[in-house]
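Whole structure, please, built from the sequences with the hints as guidance.
Number of protein chains: 4
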Amino acid sequence: MATNPTFKQCYLPEKKGFDSLVVREVPKASPKFGQILVRIKAVSLNWRDAIIAKGTYPFPGPDALVPGSDGAGIIEEIGEGVTEWKVGDRVLANFTQDHLAGRLTKASLLSQLGGEIQGLLGEYFIFPALGMVRIPDYLSFEEASCLPCAALTAWNALYGLVPLRAGQTVLLQGTGGVATFGLQIAHAAGATTIVTSSSEEKLAKARALGATHLINYRTHPDWAAEVMRLTQGNGVDHIIEVGGTLTLQQSFDAIALHGLIHCIGHITNPDPLGKGKELRGPDAAFLALDRVCIVRGVVVGSREQLQEMLACFEAHAIRPVIDRVFGFEQARMAYEYLWNSSHTGKVVISVP
Amino acid sequence: MATNPTFKQCYLPEKKGFDSLVVREVPKASPKFGQILVRIKAVSLNWRDAIIAKGTYPFPGPDALVPGSDGAGIIEEIGEGVTEWKVGDRVLANFTQDHLAGRLTKASLLSQLGGEIQGLLGEYFIFPALGMVRIPDYLSFEEASCLPCAALTAWNALYGLVPLRAGQTVLLQGTGGVATFGLQIAHAAGATTIVTSSSEEKLAKARALGATHLINYRTHPDWAAEVMRLTQGNGVDHIIEVGGTLTLQQSFDAIALHGLIHCIGHITNPDPLGKGKELRGPDAAFLALDRVCIVRGVVVGSREQLQEMLACFEAHAIRPVIDRVFGFEQARMAYEYLWNSSHTGKVVISVP
Amino acid sequence: MATNPTFKQCYLPEKKGFDSLVVREVPKASPKFGQILVRIKAVSLNWRDAIIAKGTYPFPGPDALVPGSDGAGIIEEIGEGVTEWKVGDRVLANFTQDHLAGRLTKASLLSQLGGEIQGLLGEYFIFPALGMVRIPDYLSFEEASCLPCAALTAWNALYGLVPLRAGQTVLLQGTGGVATFGLQIAHAAGATTIVTSSSEEKLAKARALGATHLINYRTHPDWAAEVMRLTQGNGVDHIIEVGGTLTLQQSFDAIALHGLIHCIGHITNPDPLGKGKELRGPDAAFLALDRVCIVRGVVVGSREQLQEMLACFEAHAIRPVIDRVFGFEQARMAYEYLWNSSHTGKVVISVP
Amino acid sequence: MATNPTFKQCYLPEKKGFDSLVVREVPKASPKFGQILVRIKAVSLNWRDAIIAKGTYPFPGPDALVPGSDGAGIIEEIGEGVTEWKVGDRVLANFTQDHLAGRLTKASLLSQLGGEIQGLLGEYFIFPALGMVRIPDYLSFEEASCLPCAALTAWNALYGLVPLRAGQTVLLQGTGGVATFGLQIAHAAGATTIVTSSSEEKLAKARALGATHLINYRTHPDWAAEVMRLTQGNGVDHIIEVGGTLTLQQSFDAIALHGLIHCIGHITNPDPLGKGKELRGPDAAFLALDRVCIVRGVVVGSREQLQEMLACFEAHAIRPVIDRVFGFEQARMAYEYLWNSSHTGKVVISVP
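Protein chains in written order, with UniProt numbering: chain H, 1 to 352; chain X, 1 to 352; chain Y, 1 to 352; chain C, 1 to 352.
Keep in mind the hints are simulated off the structure, nothing from the lab.
Below, a list of computed lysine-lysine pairs in the DSS-like style, where the Cα atoms sit at most 27 Å apart:
| no. | chain 1 | residue 1 | chain 2 | residue 2 |
| --- | --- | --- | --- | --- |
| 1 | H | 8 | H | 54 |
| 2 | Y | 106 | X | 32 |
| 3 | H | 28 | C | 32 |
| 4 | H | 28 | H | 8 |
| 5 | H | 32 | C | 28 |
| 6 | X | 32 | X | 106 |
| 7 | H | 41 | H | 15 |
| 8 | H | 106 | C | 86 |
| 9 | Y | 86 | X | 106 |
| 10 | Y | 32 | X | 32 |
| 11 | Y | 41 | Y | 86 |
| 12 | H | 106 | C | 32 |
| 13 | C | 106 | C | 32 |
| 14 | Y | 41 | Y | 54 |
| 15 | X | 86 | Y | 32 |
| 16 | H | 86 | C | 106 |
| 17 | Y | 28 | X | 32 |
| 18 | C | 28 | C | 86 |
| 19 | C | 86 | C | 32 |
| 20 | H | 86 | C | 32 |
Beta-carbon label-pair distances, calculated as ranges:
| no. | chain 1 | residue 1 | chain 2 | residue 2 | range |
| --- | --- | --- | --- | --- | --- |
| 21 | X | 342 | H | 210 | 52 to 60 Å |
| 22 | X | 107 | Y | 60 | 28 to 36 Å |
| 23 | X | 273 | C | 233 | 45 to 53 Å |
| 24 | H | 314 | C | 138 | 42 to 50 Å |
| 25 | C | 307 | H | 352 | 42 to 50 Å |
| 26 | X | 273 | H | 163 | 31 to 39 Å |
| 27 | X | 208 | C | 233 | 34 to 42 Å |
| 28 | C | 198 | H | 163 | 42 to 50 Å |
| 29 | X | 107 | Y | 136 | 12 to 20 Å |
| 30 | Y | 232 | H | 233 | 43 to 51 Å |
For every residue, glycine included, the Cβ atom is placed at its ideal position computed from N, Cα and C.
In C-alpha cells, the structure reads:
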C-alpha cells in the first residue's frame, strides 16, 4: 500500500455533458470490516451513464459523482470478517449494491452505483462483501463488465414476475444492451423471439444470435400488426419495452392476453421530468384492461437474480456482444461513441 | 312445459339509451345435452349495463341484445348428461361463461353475458352446466345476484396475480360495486384499507364495513399525498383503479414499491374509443419504471375464482350492500336509478 | 352412419392380466349437443395401462373397462352447438377429460380416460368439445398419441408449481415415458439435464436427445453422490421421481435447497394399496425439513397446460421417441411388449 | 465502556443436557464497521434450544456454544458505516442471520443463532446491521423476543410458497409455539382454522385466540377423519406439520387436493439421525401422488419475511402468548420448564 497511495478515477464535478468528465487522483484506502478492495479491470457503459453525465437522469443522486456502475475486477485485499472471498477472486459488481434478494426497498433502490451512489469507474473500488458476485471462468473481465445492468434487467424482466416458459414468444425492441441480452436469454430459454430494428444490418446480427423473426420498422412502421401476423393473431407473451411513451401504444397492440410489457427504458422521452413532462402517453389504464395485460417497471435486479443469471449464462456459454473497447484515458471518447454512434452491443472501458 | 310455453325477457333492439329497453315474450325451450334451465330470481345491474344500453361500451358484441350478466336462480330442468346438478339447486351465473379456470382465451373473453353474448335479464335462461356455481345457503337470490361481476373483479384483483397478504394495505377508489366488495374482501383478509370518496356519508358507510382509513378527496384533492402520510411514505400495496385516465397519475403517486394498480374501470373516460380517444393519460411507461410497480388490467374472473371467492364469503358471512331492489317491470327505472342516483351498493331487479 | 352401424373396440370385462383383453363390436352413436365424434387413428400405451389390466392400479374406476387414455384422431362428426371444431380437424384427447385449467377438483380427478372413466382404445370415441386439443401440423397421429399422459405429466412437473428457469438443473430417473419427455422439455428450456439408467444403450439414447450428464446406476449405485459431484455440491433443482418408495431417499440426497421432487410414479411399489402397503419409505417429514425442499404429487395436467406444452413442442419440433408400433389386432401383444421388453420410448397401437 | 468491561452470558461448554448450562463472564467489545452492539433485554426459548442442550439436534454446529436464538434489545452502540440504525432503537434478532431475503443458500442456512452459530443468551450481542429488525412500538421486549423463530416459521409456512388466501382452511397440530402463531396469523388472515390437541384446556385457549374448530385427538384418535367431516370431505389447504414421522400419514389423510403439508418439526422423532434413523415413515412418494398435494420443509424465514410479518402483527396488534417469564439467573430452570411442563405459549428469559 505504501508504494501506491493514490489511484486514478473518473469524476463528474458537475453534470453538464461529456466534457464535464475528468480524471482525478484520489487516495487509496483499505477495506474495513466486512469489505473488500477490488482492482477494477473493466467497466462497461450504459445509456444511463450518458444521461447522468448530461444531467437529465430523472432519479435522485449526488451532484458530484464518480460515474460507472458495471465493473469487473480482482479482489486485492480482504477486510476483517469476510469469509466469502479470498484475494485473487474474480468478481463483478452488483448494480444495485444493497438489493441482495427479494423486493427492492426504498433504501436499496437508492444504492445504484454511479448514479444514486458513487460509481466505480477508476482503478480501485471498495465494496461490501455482498456487493459482488463471482465471475464464471469462461468470461473475460471485459465480457463480465457488460452484464450487471443490462443483462440483469433483461433477466428480471423475463423471470422476475411471471417466469418465461419455453415455447412462449418474446419481443425485443431494438438491439441495444437490454434488448440484445433479452434476445440471448430468451433464445437459451427456448422462446420464440421477435426483434424490431430500423437497420437491416442490426437485424442480421440479431439473426446470428438466434432471433426467430425480424421486423424492420422502417418498412413496417406498424410493427404491432406485423407481430400479430407472425403470431397468428395471438400477440407476444413478453415485450421488453425500451422506448417508453412513444412505443407503448404499439406494445399494447402487440401483446398477448395476460402478456407482460416490461418497462425498462424511456428512450423516446429521455427527460421525463424536464421539458418532456408534458409529453403524454396512451390511456394505459383502459388499454391494460382492454388487452388484459400487465405493464411493469423493471429496475435491474438483485444479487440473487444476478447469480441465477450467471448460472444460466455459464451453462449456455452466453457471451455479451462487445462493440468496442476503449482505454481508461479515452473514457470521454467512449461516452461520445456510446451516444453518437450506431453501435450494436456494449461499449467497454478497459482499466489498466 | 306445455302450460307455460313463453316467458318474459328484457331486450335492447338497439342501443340508444335506457328508453331502448323493452320487455318481450319469447318461447321457452328445454335444455339440451349438458345444459340446465334456470328460473331466474334476481339480476343485479352494473355500470357496464348502463353503457351497453347507451351504446358506448368499448368492447364488441351483438347489435340487438338481451341485457343482464349477474343473475341468480333455481334449476328447473336438467339436460341429458348433466351430473353436477339436480332440479331445485340454487345457482349463480358466472359472468364470463366460458372462463372456467386459468387464463382467459380470445374465445372465452368473448363469452361475457349481456354484452359480448346474450344476457339473462328475463324469467328463464339456459346455461351450460359449467356456466353456473352453487349459491351458499346464507345468501338470498337478491344478494347472490350482486356478486358475479363486481365482487369477482375485486377478488381477481386482490388474488389473481400477486395474492394479497394479511397486513398489506389496499386502496379502494370510491364506494361503487367493485370498490365496496374490494373493501369487504380486503377487510376479511386482514388488510389495512383506505377508501376515497367525495361524500362523508359514503365514507361513513365504508367505515361501517371495516375501512381503516377514509379520505374525502373534496377536502384532500391530492389524495395520494394523504395516502403517503397515512402509510409513513410507503404507499399502498394494491389499488383498485376504477377511475382510469384521470385518476391514474394519483394512483402512481400512491403506490408502494412493487405494488399493483388493478385497472378495472374507466369511469373518467366512459367512451375510450369514441370522442375520448384523444383523451390521453400520464406517461405510464416511465411511471411504472419510476415507481417500480405493476399496472394490470383485470377482467372479472373465472368460475374457479368465483368458487374460491364464495368459500371466503361464506366463511365470513359477507353480504353485499344492496341499495335498492326494483321489480322486473321497473327494469328501465332501475337503469335510470343506477346512472343518475348517488347510490351506495348494488341495484337489483327482482324477477317474479 | 347407416352404412357402418358398429365399430371395434378393445375391452377388459375383468382386470386379470393382459389375457383379459378382448376386441368387441359396439354400436356407433352420433355426438349430442356439445360433443364431437372422433375417428381414432392411434393410441399409445402407458405403464398405467398395464397395471390397470393387471388389476393393481391403486385408484378407483369401473370394473369392466374400455382401456386407453392417449389417443389421436380426426373429427368425423360435430354435435349441435360446437363452434370450436369442424369435421376433419386433427385432434388429441386430454387425459383428464374434465381438467380444463387451474386446479384439479375431486370430480375432475375422476375423469381420467381408460381408468377412472371408459377409455378410447377403439375405432371411434365421442368426446365433449373441450375434451380435445388441436394436433400441430408437424406431428403424425402416432406421434401425437404419445403425448397426453407422459409428456403432460413431465410438463406439469417442470412448470406446474415453480416454473423451470433456463440454467437450472433437472434430473430424470431412467428413460421411461415421462423421463424422456422431461429430458426433451428440459433441454428445450435451456436446463442442464442429468439422466440415470442401468443401461449404457439407453444412456446413449438420452445423450442423443440432449442430456448433459449421464449416470449409470449400476456402476454408481449411490447416484445421488454422483449428482452432488456433478453439481459442485449444489444438487439439482427438479427431480422427476419415477421410482417412488425405493428411490425417494436418494432423491432427497440429490436435491438442491428449495428444489422440487416431483412424484409421478411408484414403479418400485407397483401395488401400494395391496401387499406393498407395509412397504415404508424414508422419514419424508424430517428429510423435507433437513433439505429445505418440496415433494409434490403430479397427476398429468390440464387442457390449458397441454396447449401450452404443444406450443412449446411445435416451436422446437419435439418428436416423441416411438419404440414400436403395433396394429389394432395386436393390442394384447403391445401390452405384453410394454411390460416385458426393455424398450426406450413409447409403444403405439395404430388403429386402421 | 471502561466502566463495564465484561458482561454475563449463558454457555454450553458441552451438550449433555440442561445441567451443562453455565453462566460465564466475557469481555465486552465494540461494534466494528457495519455492526451494532445490542443490550439484550429478553430471550425466548424454543424446543430447538432444548434438543441443542441435550445434544440431539440433528444439524451441524460448534461443539461449545452460547445458546439462544430469539432475542430483543436496545441498540447501545453503532459501528462505523451503519446508516439504518441509531442508539436507542429497539431491535429484534433475525433467527437466520444471513437469510436476508429470497432463498436460503448453503451459507445462510448455517447462520442460525444459538445452534449453527453462537447465540445471544447474554447481556450483550454484536450483530451485523442487517441482522436485526425494528420492534413495533406496541410490543414489549419480552413479547418481541417470542417471534423470531416460531412466528416466522409459521409465517413462512403460510406465505412462503403458495400464499394463504382468506377463506381457506388451516390445520394446526397442537398448541406449541409455531402452531399458536400459525393460529393467530391464519385467524388474522381470514382463514378457517382447525386446532388439534389432547388437552381440553389447551383447546379452550386456542378457541380464545380465534380457532374455528377444535379436535381433541384423545377422543378422536383418527383426527384426519374428523377434519374430513368438518370440511365436507374437502380436507384442509394448509397443515402445520409439527409431529413429523408419526403424524404424517394423518396429515396426508386430512389434506385437500393441492394442499400443503408444511414440515416444520419432528417432535415424534426427536433424534432422526440417532437411534430413530430406523424409524420409517409412510410412503410419501405415493401419498403425495395419491392426494395430489405438496410436502414442504420450512426453515424459519428471511429478514424480509420477518418485516412483512411484523407489519401484519402490528396491524392486528397480535401479541404472543407468554406462558412464563424467568430471570436470567434462572435460565436452567427455564429450560427444564420448557421441556417438562405442559405449557401453552412461550417461555421467556428476562435479561436484567
